[in-house]
Each structure stands twice: as structure tokens, then as C-alpha cells.
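K.L.:
Please put together the full structure from these sequences, using the hints given.
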Amino acid sequence: MFQNRAESLALVLPATLFAAIIFIAPVLILLSEGIRPAGGWSLAPYVSFFTTPLNLTVFIRTLKLGVLVTVAAAIIGYAAALCIVNLSAKGRGRMIGLIVLPLMISPVARTYAWIVILGRTGIVNQALEALELTDGPLRILFSETAIFIGLLQLFLPLMIISLVSALENMPRDAIAAARVLGANWLQVFWKVILPLTKEGLVIGGTLVFTGSLTAYITPAILGGSKVLMLETLLYQRVTIANDFASASVIAMILIIMSFSANLLLKRLATARAKR
Amino acid sequence: MSDASFLRLERLTLAYGDTPAIKDLDLSIGRGELVALLGPSGCGKTTTMRSIAGLLKPRSGKILLDGADITRMPANKRAVGLVFQSYALFPHLSVFENVAFGLRLKRIPGGELQKRVQDGLKSVGLSRFADRKPAELSGGQQQRVALARSMVMDPKVLLLDEPLSNLDARLRLEMRAELQRVQKESGITMIFVTHDQGEALALADRIVVMWDGHIEQIGTPEEIYNAPASAFVADFVGFENVFALENGHLKTPRGLVGLSSPAPVGAAGLAWRPIAVQMGLGPYQGTVRGTSFAGRTREYLLDTPLGIIKAEADATGSSYDIGEAVPFDLPIEGAARLSRFA
Amino acid sequence: MTSRILSTTILAVVMIFLIGPFFIIVAASLSAGETLAFPPQGFSFKWVLKVFEIESFRSSFVMSMMLAIFGTLAALVIGTPVSYALARYKLPLGEAIRTIVSAPIIVPGIVVGLALLRYLVIPFGFNLTLALFLAHTALVLPYAVRVVSASMANLRSDIEEAAVLLGCSRLGAFIRVVLPNIRGGILAAFILGFVTSFNQVPVSLFLSGPGIRTLPIDMLAYLETTYDPSVAALSALLAFMSIGIVFLAERFLGFSRYV
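Chains as they are written, first to last, in the working numbering: chain A, 1 to 275; chain B, 1 to 342; chain C, 1 to 259.
Just so you know, these hints were derived from the structure itself, not from any lab.
One or more of the hints may lead you astray.
[Said to hold, decoys possible] Capping the alpha-carbon separation at 30 Å, the derived lysine-lysine pairs in DSBU-like fashion look like this:
hint : chain 1 : residue 1 : chain 2 : residue 2
1    : B       : Lys62     : B       : Lys133
2    : C       : Lys90     : B       : Lys23
3    : A       : Lys198    : A       : Lys64
4    : A       : Lys266    : C       : Lys90
5    : B       : Lys156    : B       : Lys62
6    : A       : Lys90     : B       : Lys133
7    : C       : Lys46     : B       : Lys77
8    : A       : Lys266    : A       : Lys64
9    : B       : Lys133    : B       : Lys115
10   : C       : Lys90     : B       : Lys62
11   : A       : Lys226    : A       : Lys64
12   : B       : Lys57     : C       : Lys90
[As the list claims (entries may be wrong)] Residues of chain B clear of chain C, computed beta-carbon distances all greater than 12 Å:
hint : residue
13   : Gly111
14   : Gln114
15   : Ser138
16   : Arg170
17   : Leu245
18   : Gly266
Note that the Cβ used here is the ideal one computed from N, Cα and C, for glycine as well.
P.N.:
Next up, the structure:
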């Protein structure tokens, strides 16, 4: 009954055509502008992009923030996830609900809160002043630190959830067995927990890393017009300079990074399905 | 159209890609017959059943039902019922609505529909469960719902896919009786697919043994059990010692071996059940390699010049230990004569 | 016992970091003062009320709602058959098709928005609203296909065959037997798609024009010029809306099963 090829094609055709025409074709044309500026084949846009100091700074900053946020999320994530899996089933469910909830809230709203907290007259500066730790307000907003905090808050839930599910799938007795064999907690973490949950770490890490690399709202609100990341740079290049060649290069960088991350995830998923 | 060929398959061929699943199948089934399609998995029995139902499109050949050519008729017009191996009940509908499903599509009016569904449920003893969801029933109950759902449609043929395989031993006996009763009472033509020779022998009027996409043998349970026509059928129904005949000799993995009496004329091979192997005296010599107690009998594995022989002897008689040398015979009168050896 | 205290402390700190800012937003939006501050200066509902008076917020809210509803519906209309076909048929290019329809998840939204602006809107004179609709549909399509596929995976194909043998047409079997059983998945996909589309910023950045803006873009623009608590109030309202939707969905659907 499910052999009719014409029938199956008719079912997938609309969505496939839609994605191909509305989506894939325009993006491919955009990418081609980076290697065919003004009609001829050339890598000039790439050369000029990577030799412009500002662009290079932004590129490196984006990678740096991506790595930092991922590492911080992993550390905090493990601490939180280990606490969560030790809760009762009911407490675990509630905690996970609370952690997932922010993911459903507009990132604009979530990021905006940090203005109130990190601003010149924000809570942090008020506290620092009250404790007389600083002379005058610190400039936290519109800095890499602010972006780091914003991104971490945005993407930490993804890491925690990945790690919780990895820990839940871990053989229950592994930790106890290692303890019985005389391992201390640090050894238990390095030798037992980390190896047994590394898939969860990679999944969470990929989500956090690509999320951070392709973030727009956080750098736009918390980085201001000076501290740019790749997406805000792309926006600036287009709106201020009409520089589509650079936009194409940035698009290519973003797509390559995001695509390889997804490929990695898919590999992991199929490897796991085979087991 | 005679009653003897109520359902007819003519040179039916069906392929998945390039590998044929069934080839040039010819089969006639009479009205009111209960037929088993028997064979190992991959033999084409399920494919045959699904093409009768119209769920698979044959590459060539014909299917005739009640005088009409239904080869190209869509599955929903055929009046063929199918009870799936996993029952395929609709999980979102109650038992009542499952059984009423086909009648509603036929726009059977309310009162008559109520009555037919209730009769259907009553006939399988499930009237009390009309309002339950399938998930709230046991496997045996689910299967009876599936049976009722097909039966209320008054199909010309009812197909059953491995009807007993998902049930435990006790339910299996119950369901077997139930199927026979339903078939007797309704007089419906029933074809069921099974890989279990015991089921086929116990239930069917006629058995169609299939192998590798073709029919090996058609016969009554007695014929299949006592007189298998080919090496495959013999092996499938429990003749553990099967040999081809060559120039009046048994062809064994260790060369040609003579028989204790002259070989029957025209036979392509001979086969013995373990119980037909006569132990204690005879022209052959074997060494006991393994033995196991099976209640009324004891089973032996013998290492012999004919290869490994499986024998079975009355447990109350003399027994033999591992390593012991035993004389034995393969008597012609206890052998099944195979007309084909392939 | 100490480990219990440690564990509670860690969770408390993490939760404050994740959810605390939300409470600060709520508090700041109830301020009586003229600028954004915490602790709030006095208490009033004036900024909450002001949100409803700002004309551009009203129109961009309607725009975002429409895009989220109709974009997601469109994605489900073309995406559900794909999920169905991928689950039921042996498609010659099945994996390729799955990749094509989930491509929008791989390409950053800002790239999609720019590409649509430059190669569909400008050369072919597409109007922006249509472009936004197409972009949001594309954006939601991968989620629709994924979530519906997940609920198709649990549905045996033989119930459709059973329905056909009882007299249904193929389409009839889909409507009577498949749809009722994947209803939960489709609703979950709708909610997930709705939230994703409603909150989406990058894809709509370039697809804005006079009077045509999604709500998050409008909020970003408002932030650039004004520093009053009205955006805080709007953020709080939106957060409550999302929480409400998710709460109801979880309550009635067990939403988290599908995501």
C-alpha cells in the first residue's frame, strides 16, 4: 500500500519546492556573491574581510565568546545537572520545567533584563558602591562581559537539559562502584561521569556554541554599536555600507560553523541509534 | 464459477524491486474452506496474503474471487477482511467504534448498525467491553475485537496473519477453538498465514506449504504430515533425517550408502522421523554423541557413516550412554518417499 | 547533610541566574519613575498601561501574531505530508528531502532575511509582509516536520491498512485514523512553531519597512531611542503570555513529550 512512488512524491513536493525556492536558492545566491563579486570569480571579498583588523577582531571575539560561554555552561551545567538528578522524580520534573520555561520567553525580554542589572545605575553597581568596593560605577554594559553573561543565561538551559538526560541514562551503579573502589569525587568525575556523559556534553556544547556564534539579540542589546559579534557586524555592513560581499563572507562563516555543528550532532544521534 | 475455486490465484508474480517475492503462483481455494499458508519467514506467504487483500500490487498474474477478476480492484472495494498480526486496532476509538468503523463507512443506518456491532461483539464474547479503549484490553481480547471488526463486514474471504503467534500457550488453544467455531458458524472462507506447522495441522482443512516464493505442496494435514512430497516439506514437518536417492543408494555427506532393503521405484529421496529410526539392531553402526530425556521418549544424536542421525526411542526401553556404539536401522516401511528432492 | 545544603545552594544560584532577571523586569515595569531602574521608584501600572497606547507596539503585535499563526499553519500544511511520507514510504531521496526541509534550522535567520530581501523582495517586488510570511513559514518548517515525525514514529502503519480494508480511501484513512492519533503532536508542533516564530528576531531584521515590523524588532528599535520602562512592561507581558501558553499546553497535552 505504501509503494506508490507518485503518491509519495506528491506528498513531499510542496514542502521541498517551497524550501528550495524560498529558502535554499536565495541563500545560495547570497553565498555566491562572496566568490563572484561583480560577476567574475574571485576570492577578493574573503581576502579583504580577513585582512581588515575590525573584522578580524569581531571574528575572533565571536569565537572567543562562543568558547567561553560553552566552557562556563559546561561547568555550571554539570554542577546543576548532578544536583537535579539527585532530586526525587517529582522535584526533578519541576526543576526541569523551570529550566525549560525561559526558553519559551522572548530573548529580547530575557536580554533586556540585564540592562537593568548591569547598567550604570543597575543593581550590580549599586551593590558595589554600597560596599565601597569601587570608585564610581563600573562600565559593565556594552562590553564583552555583558555579552558573555547574556549569552550564558540564554543558552545555559540547553546545556543543563542535555546533561540531565545524559546523566539519567548513565548506569546507576557506576558512581557507587567507583566510590567503593576508592575513587575520590574528582576522580569519579574525570574517570566515570565525564566519559559516560560525553555525548550529552557534546550535544549541549554544540547547541550552546552555535547558539552563541549566531546570536544577534544579545550583542545588539548588551554590546551596543561598538562591541560587535558576527551577526551584528553583518547587519552593520549591510545597513551602513551596503557591503554585500562582506555580508556573504560572514554568512558563509556562520553557515559553515552551524552546519558542521549539526553534522556532528547527526553523527552522534545515528551512532547512538545503532547501539 | 464452481465452489471449488471460489478464490483463484493464476500465475501470480510479485516482486520487491528486482527480487521476486512470489513467482507464478497457482492456487484454488473452495468456498467455506479453512486454508493455512505455511512456511518459514520470507517464503512469500505474507506477500500472497497481502496481494489477496489488495495491499500489494502483483507484477503479473490474476486474482479471481467469486467469479470476478479483482487483480486491479482497490483494496477498499474487495470485501476481503484481514486480521493483522498486531491486530491494528484504532487506538483512539472504543471497542464499539472499532467494530462499527466499516459499517459507518457503508452508511449502515443507526439501529441496524447498533445491532450488527452488538451481535459481532457478542459472538466473540466481548459485549461487556464495548466502551473500553483497545489499550485497556489484553492481547487475546484485542485479537477478538479485530476478528469481530472484520466479521461484521461479511467479507467474502477472511485473512488472518499469524493469528496465534502473539498469544500465550493457554490463550492459543482457546483462540484456536474460537476460530474454528466462528468459521463453522459463519461458513466463511478463511485463509491464515503461519510459520508454525503445529498450528496449521491443528486448524486447517488444507495446508499450502510455501518456500522461496513458490508452493511446495498442497494437501490435507494428514497428507502433509505423513507424506511430504519434497525434502523441504519433510524437513519442515519434522522429518529430521532426509536423504536424496542416487542409484538406489542414500546420498549422505560422507558418500553413497546402501539401503537395508531395495529402494522404492520412482522416489527421489527418503526421510525418517527420529522415532522411525530403529535402535538396538540393524546394519548401521553409530556412536552416541548426545542424549536428552523428552518425557515418554529419549532423543539421541548419533554420529554415523551416514552423517549425524537423530533418533528417538521409548524411554522405558534400554537406554544408551554418550560414547556408546549402537547398531541401528532405517527401515523402508517407516520412511516417507519424496517425489522431489530440491 | 552538607552535600544536601551544597546541592540546594547550587540549584538556587543557577535558578536565580536563569529566572531572577525575569522578576527584576516585572518589578521594574511596575515603577512609577520615568526611567528604567531597580529597585523601582514607587509603584504604578502606568507603564503597563502605556504599552497598550503605543501605536507601533499595537500594530507590530498584530503583525507578529499573524505571522506566528499563519506561518505555523502553513508550515504544518506542507510539513505534515512530508513527515507522513518519510515515515510511511521508502523514498528514493528521503534523507535529502529531510535535509532540504530542515535546512532553515542550519542557516542563521539573519542570512535568510537578507537573502529574501535581496533576491525575492527587491528583484520581484514581493511585498514585505509576504516575504515575512514566507520567511517565518520556512523557519517553522523544520520544527513542524520534526515534531510531527516524532508522533508519526509511534503510529503503526497497519491501522491504515486495516481502515482501507474496512472501506476507507487512502485519504479517508489518513483523516479518520492517522490524524486523530497524531493530533497531540500537531498541536505541540503548532505551539512550538508559534513561540519560535513569535520570538524570532534575526530573520525579520532586514524584512522591515515603514509600518511593517514584527514586535521584537519594534522593541529593539524602541530601545535605541527611549529609556523608559515601557519595554520592560511589554517584556513582562510577553513572558507571562509565553508562560501561560506553555503551562496550558503542558497541562492538556503533556507538551514536553514532543519537544
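K.L.:
Run through the hints listed earlier and report the numbers of any the structure violates, in increasing order.
P.N.:
1, 7
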